[in-house]
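Asks: This is what each chain is made of:
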Amino acid sequence: MLRAMRLDRRMLPMAMGLVALATPAAAADSLTVVTYGGAFESAANKAFFEPFTAKTGIRIVKEEYDGGLAKLRGMVEAGDTTWDLIDMETSDAIAGCDEGLLQKLDPKLLGDTSDFIPGAVLPCAVASMVWSTIYAYDTTRLTTAPTTIGDFFDLGKFPGKRGMRKSPKAALESALMADGVPAGDVYKVLGTPEGLDRAFKKLSTIKSQVVWWDAGAQPAQLLADGAVSMTMAYDGRIQVARTRDKRPFAIVWDGQLYDYEWWGIPKGARNADASKLFLEYASGPDTIWKLSRYIAYAPPRKSAMLKIDQAILPYLSLAPDNMKNSLRIDAQFWADNFDSINNRFLTWLGQ
Amino acid sequence: MTAEATAVLSERIVRRGVRVFSTAVLIFLVAPILIIVPLSFNQSSYFSYPLTGLTLRWYDFILQSPEWRMAIFNSFVIGFSATAIATVLGTLAAIGISRPSFPLRGVIMPVLIAPMIIPIIVVAVSLYLVFAPLGLTNTHLGVILAHAALGTPFVVITVTARLMAFDTNLSRAAASLGATPWAAFRRVMLPQILPGVATGSIFAFATSFDEVVVILFIGGPEQRTIPRQMWAGIRDQINPGILAMAGLLTVFAVALFLLISWLQGRSGASAR
Amino acid sequence: MRAFLLAVPLLIFLAATFVVPIGKLLIMSVETVEVANAFPRTAALLAGLPGPPALPSRQIFEALAADLETAQDQGTLAAAARRLNTYEPGFRSLLLKTVRQLPLPDGEPADKAFQRIDQRWGEPETWRLLGRAAHRWTLDFLLTAVDHKIGAGGTIEPVEASQAIYVGAFLRTFAISASVALICLVLGYPVAFVLATLPARQSNLLMIFVIVPFWTSLLVRTTAWYVLLQPNGVFNALLTRSGLTAAPVALMFNRTGVLIGMTHVLLPFMILANYAVMRGISPDYQRAAVSLGAHPALAFLRIYVPLTLPGIGTGTFLVFVLALGYYITPALLGGAGDEMISQLVALQINRQLNWGLAGALSVYLVVFTLTVYVVFNRLVGVDRLRLG
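So the protein lines, in turn, are chains A, B and C. Going by the numbering used here, the residue at position 103 of the first sequence is 122; the numbering climbs one at a time, nothing skipped. Going by the numbering used here, the residue at position 149 of the second sequence is 240; the numbering climbs one at a time, nothing skipped. Going by the numbering used here, the residue at position 37 of the third sequence is 187; the numbering climbs one at a time, nothing skipped.
Calculated from the structure, these hints are not laboratory results. On a predicted model such as this, the values are computed, not experimentally measured, just so you know. Where hints are given, some of them may not hold.
[Unchecked claim] Cut-off 25 Å, straight-line C-alpha distance, at most; resulting in silico cross-link-like pairs (PhoX-like, lysine-lysine):
1. C:Lys247 / A:Lys207
2. A:Lys90 / C:Lys174
3. A:Lys207 / A:Lys221
4. A:Lys286 / C:Lys247
5. A:Lys326 / A:Lys65
6. A:Lys123 / A:Lys295
7. A:Lys295 / A:Lys309
8. A:Lys286 / A:Lys81
9. A:Lys180 / A:Lys207
10. A:Lys220 / A:Lys180
11. A:Lys220 / A:Lys207
12. A:Lys123 / C:Lys247
[Said to hold, decoys possible] Chain B side only, calculated, beta carbon under 8 Å to chain A, not exhaustive:
13. Gly226
14. Thr228
15. Asn229
16. Ala270
17. Gly311
18. Pro312
19. Arg326
Glycine included, each C-beta is placed from N, C-alpha and C at the ideal position.
Could you build all of it, start to finish, from the sequences and the hints given here?
Replies: Here's what the structure looks like:
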C-alpha cells in the first residue's frame, strides 16, 4: 500500500513538469512552415528550405498538420497565429481566402504571372507544384499494356480487380471520360442530373471488381500485393514506389486529373515579410523546378518546365505528352456539390 | 443401459464439448496477439510466416524515431496527468455518494458514469465544438481534461464498490476518539479503500493510454500519442515498426494485468 | 449535505468537460445561427413577411446586398454559404459569385442587378430557402438525419432515394451491434461457465487468456486483425497453402472483418460479466435439482440459466452499448457499405463542418443509447456494473 502511494506522489510532479517542458518557444528570425509532412516535406526541404536558409540566414521551423482549416481558424480567431506559411490543397486555399483566414498576395511578388500555368495563382495563394490522379499497373502482371482511361473501365479486355479512392471526387470524372465525354465538357455534363446518372452508370460497370482505398499510400501497397491489377493513385506515390522501392509499376496518363498544391500566408502571421521573401524565392523560375529533382511533381511555371531534366520529363504530369487528355479538378464544382453527390455515392456503395 | 446412465454419459459429452469450445474461444482471444508479436522480430518487412530471420531493428526503429518517441512521451504525460485528476475527483465523489445521506443519488450516479456510456464520437465532436473557441484544441491541457473526464467513472465505480464493504462505524469511532475528519480519513478510511482507488486509477490510465477518437478531433501534431500514431500508421502505410510498438504494448498489458492481480490479491475476495 | 459537497468538484468538472459540451452539440441540431448572424437585416425583413413571398421587394434585395458586403468583411459569409448549400447544392457559389460583383453599380436597382448577376435570384424558391435558413430554430437537421425534409409545400416528406443514407446507417449500426452482442454471448457464456466451475487455481490461470487481451490496446488488437486478415496476410496464406481455397478470401474491408474485429475486442466484457455472476452461484442448487430427479439439461436450463440472467444482461448491455458507438475498428476493418453512425458523424465534421447534422445524428445515437441504459437499469440494475 505504501509502495503504491509513494509511486503516485513521485509521478504527479514529474508529469506536471513534463507538461511545462512540452510547450515550445518561438524564435525571432525564423519562419514556421507547415506542411503535410512526408515525402513532399523532405523534397521541399532539399529544394527550397535549406537553400533559402543558406541564402538569407532565416531559419525554417517545420511543422506538420493534417490539412483542413480548423486549426488555422482557431489561431486567427484567437489572434495568435503561430504559423507563417502553409502548404494547402485547393479547397482549403479557396475557402481560407473566402473566410479571410489567408492574406491577399501581391502578384508583383511572383514576377511575370503569365509565366504560371492557367489557374496557378489565386488571390491568396500560389501553386507550389502539380499533382495528379492517374491509374497505374504492374508491368510484370499485365501482358498487354493498358493505354487509355477507357481501358481502366474495360473488364472484358483487362479482367481483374481495380483500386479506387473511396470518394466520388475523381471517380466520377474518370467514369465520364472513359464513357467518351471530352475532358473540357466533364464538369458541364456532371452538373446535370442526366450526366450524374451517366457517370454512376459507368462506375457501376466495374463496381463488383473495385477495391476502395482511403489513404494515399494504400494503392501502391495494393498493387505490390497483387490485390488489384490496376489502381487509381497519386502520381508522386507511384513514382516513389518505382524509383525508391524498385517496383515494376507503370502510369497511364490518359485521362489524368490534376490539381495544384498551394502556399498560403495566414492572416496575422508574425513573420509575414519572411514568408513573402520565401514565396518570391521558391516560386521564382530559377528555383521552382528544383523540387522535381527530389520528387516527381511538376512545377506550375511554363519556363520552369523547360529547365527540367529531360530524363524525368516523361514521369511528370505536366509533360506535353502526358497532358494530351487531361482535366483539372474543379474545386468550385466540388465545394458546391460534394455533399449531395457524396450522399448519393455512399448510397450507391451500399446497394 | 439405464436412463440415468445415458444421462450421465450425455452430460459428460456435453461437458467435454463445452470445454473444447471454450478452449477454442480462449485461443481466439490470444492468438492474434501471439501471432503478430513474432512478426515484429522478422527480418523482412513482409507480414508472413515463416520468419526470414530474427532482428531487433524494428524496435530500434521506433525507439530512435522522433515521432514515436514523442508519441510515447505524450502518452505517458497525458495518461499520468489525466489519471491524477480523475483519481482525486473520482475518489472524493465516491466517498460522498456512498454516504447514506447523499441526495439525488438516482440522478447523479448516471451523470457520473455517463462518460462510459455516451458514444465516444459524440464526446469527441462535442469537445471539439467547445474547446476550439477556448483555444484548448491542439493543447496538452485540452486532451488531459478530456481524458480525465473519460477516466472518472472507473474510479467512481471501483471506489464505491470498495466503500460498500467499508464499515462506516470505523470512521465514527475514530471521530469519537478525537480524530479530526482529515486524520480519520487518512488513517482509517484511505487504507481501506486504497486498493479500489489504485484499481480505478489503473483503469483510468488505461483508458487514456488507449484513447484515440478524442485525440483525432481535439489533438494536434504535438499531441500525438501512441494509439494516434498507430492509427496514422495503419491508415497510411503499415510497417513493421507498428508491430514492434504492438509488441511493446502487449508487454505493457501483461504488466498492467499483473499489477491488477496483485492489487486484488491484497484487497482479498471482498472487493468483488 | 457534506456528502454532496464531496461530489461537487467532480460534478463541476464533468459539467464543464462533458455535460455542457454534449448539450451544446445536441442544441446545434435544432439551432442554426449562421445565416441570421451573417445577414441580420435580410433576416429581419424576411421574418416580417406574411407567407412565402413570390418575389421579395426591392428593399430586401438592397438589404441583402448590404448584408453580403458586411458578412464578407466580418468573415461570417463562408459559414452562411455552407449552411445554405445544404439546402441546395450551388447556393454557396451563388452567394460567392454575387458578392464578387458588389458593390452594385450606382443607379442600377438592386433587384435588377441581382437577377442580372444570376437568374436564380429571380426564383421564389431561392428566397424561400433563404427565409427558412434565416430562422434561428430548425427541424431540418433532425429530419435529414432520418432521411426526411420539409418540401416546397411545407410538409414533411422523404428525401429522394439516392440521398437516403442515414436510416440505413442507423439500422446497420443496430444490426452490427446486435450481431456482435449475440456472437459474444454465444462464445462467451460457455467460457465463463467453464472458468466459474473450474477449481480456483486452474480458472485463475485460464483467466489470463481473457484479461491480457482485455488490457491490450484496442489499436494493437485491430492492427493484429488488419495484418492477419489482409489478402496476402497470415490467415490467407494459411488457407491457400493448405489448399482449402484457391485464391485469397476477402476477410477484411467487409462486414466479416468488422464482426471479427469487434467481437474480439468486446468478448472479454461478456466473459467477465457472466463470470462474476456465475462465481457466486452455488453448485448445490443444480445438484439438488438433479438429485430430485430433474434431467441435468433441464436443471441447467431451469435453475442455472435463470440465476445467471443478471450476468447475461450486464454482458449483453455492455457489449451492445459499446458497439453502438464504435468507430476505430469499423473504420479500419470495414469496407464500402459498412459505415456505422459514428463514422458518418465524424465525416460531417471532418469534411463539411456541418455541426447541425452531426448534432442531429448524435441526438438519435445518444437517445437510443440512453434508452438501452434505462431499460437495462430497470431490468438488471446499474449497480451490477463492476470492474476488475
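Asks: What hints, given by number in increasing order, does this structure fail?
Replies: Numbers 9 and 16 - these are the hints that the structure violates, sorted from lowest upward.
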